[in-house]
Every structure is written in structure tokens, then in C-alpha cells.
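Chain order of the listed sequences is V and G.
Once you know that position 239 of the first sequence is 239 in the numbering used here, the rest is easy, because the numbers rise by one and skip nothing.
Once you know that position 12 of the second sequence is 12 in the numbering used here, the rest is easy, because the numbers rise by one and skip nothing.
Calculated directly from the structure, the hints in this document are not laboratory data.
Check the hints yourself; a few may be wrong.
[What the hints assert, rightly or not] DSSO-like, lysine-lysine: derived pairs with alpha carbons at most 27 Å apart: (1) G:Lys110 with V:Lys265; (2) V:Lys325 with V:Lys315; (3) G:Lys47 with V:Lys258; (4) G:Lys14 with G:Lys47.
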Amino acid sequence: MWFLCYFLHRLLDYRIPEVESLARLFLGEKVDLKWRQSPYHHPDSPFYFIDLPSEDIARKIASRSVLLKGIFEVWGEGRTYEELRVSIEACPEEKKAPYLTPDSTFKIVVDTFGKILSLDEQTERIHSMSYIPFLGVVKLKCPEHKFWLIETDGNDLNNGLPPADNMSILFAREIGVSDRKVVVKYELSRRNYLGPTAMDAEVALLMANQALAKPGNLVYDPFVGTGSILVAAAHFGAMTMGADIDIRVIRDGKGPDKNVWSNFKQYDLTPPIGLIRADNNVPPWRSNLSEVFDAIICDPPYGVRAGGRKSGGRKLLQGTRDPYKIDEDRRKDHIPSTAPYTLAECVHDLLDLAARLLVIGGRLVFFYPAPRDECGEEYFPKHPCFTLIANSEQILSTRYSRCLLTMEKTGKYTDELAAESKRIHQEFKDNHAEMLQESRENGSLHHIVFSPSSETKLNGTEARPRYRGKYV
Amino acid sequence: MRLLTHNMLSCNIKGVTKGFPLSIEVQKLDTKETDFNPDFLRNIIPKLEWKAFHDAAVSVGLNDIPEQVDPVMLEYTEFLQKFHHALLEVHLEEGALICPETGRRFPVTKGVPNMLLLEDEV
């Protein structure tokens, strides 16, 4: 059955992967979903058609989605109201009749994309639909059936919206709508305890959707911070666990009522099963621990807004200081020094950990930063245990983006892979100084983001495209 | 720290080969109510080191966890509830985890085990 997905016009790259992930979640198995667009629509258009096995699945997807406005059954589509009428009349009777019965209640919602209609214009449009034989009673509050009349802007002055060749009008029956109140509920501005890089609520919910978080699951975040990603996973009923190298963030917070635990209490969510202070570079898991997490979701520190740290003194790893022993009497209160954790090493550790600790079919969802022109599959980290399911780019500045990578564990973590990973781990350790040097020089992300621009300034608004695609 | 976490952790000091299970030094115990989810419990059982779990339960004063687990037990709600309590509700608030090989003490404060190593242990 074909359904219309009407998306919100934001985070464009994230929209289709989210629906696909939710379909996977509710169908319980992998299916190749078919998508199509009406011929005169831009790829960034908010209207997509998807083939789903049932209305029930469509409703479930819509209600859990963050980026859908709703899912609909289309009765007619056209570029003018005349075309729409022809299309609705051609729509098979058996599809329409059950929703037009005399004992039913209904209402028509007028929705626009890229334009505004006054109340009078809306009423006029509703009345113009009277050729549909509605026999039921109009009820504005909680009607049994809702019909949407969706009109898009036809002119080519696309004020920030996808260019359209023509106006398009759709008439559709509502199957399910998304609950955006959830996003408002978890907004960071209302969060009790925040850190400088707390994950935005909407994106955190999206990440939890990509990770297929559900009751009975165990979700882990190795860079937990204030717990903003785990809050989203817990919202969908998953059990959570987190680790961080900074003990103050996870243990102390900003007092007894302002810490990671209170962030869960605030929303009446199950608090994390465990918070551990640990270094992802030397993780404290027992050696035979495997396939325990259903998903790993994280936003690794990649050195643009916050740099990662790992165990071992900076000078020690650089080789400018000899290995030393800490005196017995000082061991108790000693604060171990840390060294910068390069992105390459961090990503290697993350993939290795995930390959070992995720169940088969479990998902690893994380942000990977890249310069704007390196956001393709060929630049992303790879691992023999993982298959890339989706990559969604979010443009952060003219220089760099972050891509949300969704990977599924499809291969077993073998002894050979473990040995290979150990070798690479040692290599990173041995070449720490060089790696660090390299990451400071040209070509590193930090350099790309912060070096002074050599380009001449764009004059005025002329050079700026009117429609900015992924920026929205 | 719950016993589930304890069951996953080991001492990762360089050169240590038998860093599991860590013994538990109890200073303060707490009970934190957690939603009972039988599916989660059934899911997690095969992933546990049961002997270590049993011993850890004993060390926090829970003597009703059987020494060996049998899949048949998963059908009994009574067992599942006891298991749930031991695995997810008993919480070590203050204390330490001690490495069986080196005797290194990993402190647990405010329920958070500090597994970070010192410079000469990495």
C-alpha cells in the first residue's frame, strides 16, 4: 500500500533514514522499502510516497517519528484544483466509501507548505471540496476521520524552500501524525543539568530512533556526559548505561539535585542502570564480555567544541618524560594525567568496542565530523563487522558538517579481528606524538574549522543561493 | 553501582591476566526501585558470569541466589523477582571494587565506580 509521508522541512538528510529505521523496528525484520516522489517534486520536497504493508505500521511509524508531520492515504493529487478533482473522482470508490458513511464524524484540515492562507481562503477551499459525497457530520474536536488538503507554493521565488516547478495540491486521509510535544518536553532549555556539548533533544530522539531503542533493550553511551542521549533512549523504554572519563560530570554534577540522575528523574524515566568512570581507550570490561548491548549511541568528542582525553600523561606518551612510578602514599588521592585523544584513535576504539559488545543486528549510531566535501561513504570509518545503514549530513558551517552514521552489526567479532585491533591499538600508542602532530597540522578538522579564511568575501547577498538545502 | 555493572567490569591494569571478578568492599548499600522487566532479565541471563554474580550477591548480603542457573528457572516469577532485585535494585553507594590479582582498589563513590587507571598502570 502506498502512503504519503509528509515531512517537516528540517534536517532533510535525516528524514528518510528515520522512517526506514522505524519501519524496521515495527516490522521486526529487514525489508527493502520502496519510495517514490511525484514527478514535479524536488528531492528536498517534504512529500514522499512509501510502500508499507499496513495502515497499522504506518500509524506506529508516524506516532514515534520526530521528523514526520504525518502519514496519509492520498485520495487525489494535482497541480490545479481541477486536476485534483479529476484525480479524487478517479480514486476507487471502495477506498473512499468506508470513510464517508452517514454515522461518521470528520473534519478537513487545510495545510500549506511555503505559503499562508487566510481563514476565509481556507474556508473557501474546504467548501470547494463539496463534490466529495461526505455524508457524516463535521466535528472539529476529535473527529473519527481527518482529511488534509495540502497546498504548496507554486511560484519560483522559493524563499528558502525547495524549488518547485508548479503548485501542487493533495487531498489525503490522515493515518497518523507525529507527536512533536515530545521534542518540546525534552528541550534542553528545560533540562535540569546541562553540559557545554549536551545533545539537542530533537537530534537525541532521532539518534534513539536510528538505534531502534525499545523496552527490554540495553543501550550504552561511552561518552555519556550529562546523559542527554540516554534520556532519549530511556524515553523509548530502553535500559541505559553510560561511561565518561570525567568523573565530576557523572558523579557530582552541580549538586545533589542537579546531576545525571536528576535529568532522568525530571522526566520520570528509568535512570541509567550504571554510570562508570572509565576511559574508552582502555575500557574496563571483562575480557570475555561480548554481545551484551543492543545499541551504542554516542557523540564522540572530536576536538572542535570539546576535545577527547585518554589515559596516560601527555609527556609520557610523547616520550619527553620517562615512565614513572607513583609513590604508595600518594596513590589514593592522585589525579591521573590525561593526553589528547585523536579522532582517528577515538573512532577506532569505538568501532572495536561496538563490534565486540553489540549483539548481532545491534546498531551503532554516532556522529562523525568531516569537512564539507568529505561527507561521502568513502570517507567514513569502516569495520568488517558493520554495514552502513544510513548517513545523514547536518551542515554546521561553511567548512564542516557532522554526519550521523547508523551502522548495523552484521558480522561476528572473531579472534582475528580482536588481534588486529590490539595491533592497531598499540600502533596508536607507539605513534602518539606523530599522530598528535599530524592532527595539529593542515588537514585536521580543527585546522579546517578554525584557520583564518583566505577566500575573498562574498559581496552582498548575490552569491548566496536562495535555497540552502541541508542548512534547514 | 548495581550487580549487573559489577558483572561486566574487570581490572584492566596492564599485564593483569585475571582481573575478574572484582571483589566488593561494602560501606553503604542502597535499594533503588527499578521497573520489573522479565524480557530484559531473560535477555541478560546468558550474558552473565553466573558464579561471579552469585558470589557478588552473597557479598552484599543476598543469600537467595542459586549457585547455578537453569533455563527452567526463567519460567518462575518468584525466581525472576529475586534475580531482578539482586541484579538491578541493590545498589552499592559507597565502597570499592578490588582486583583479585593485584589488590588494586577501585573506589565507588556516590554509586559511580572509578575505573580510571593511573599513569603507571596503563
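Quick rundown of the hints versus the structure:
no.	hint	in the structure
1	G:Lys110 with V:Lys265	holds, 16 Å
2	V:Lys325 with V:Lys315	holds, 14 Å
3	G:Lys47 with V:Lys258	violated, 34 Å
4	G:Lys14 with G:Lys47	holds, 25 Å
Going through the hint list in order, the structure does not satisfy hint 3, though it satisfies all others.
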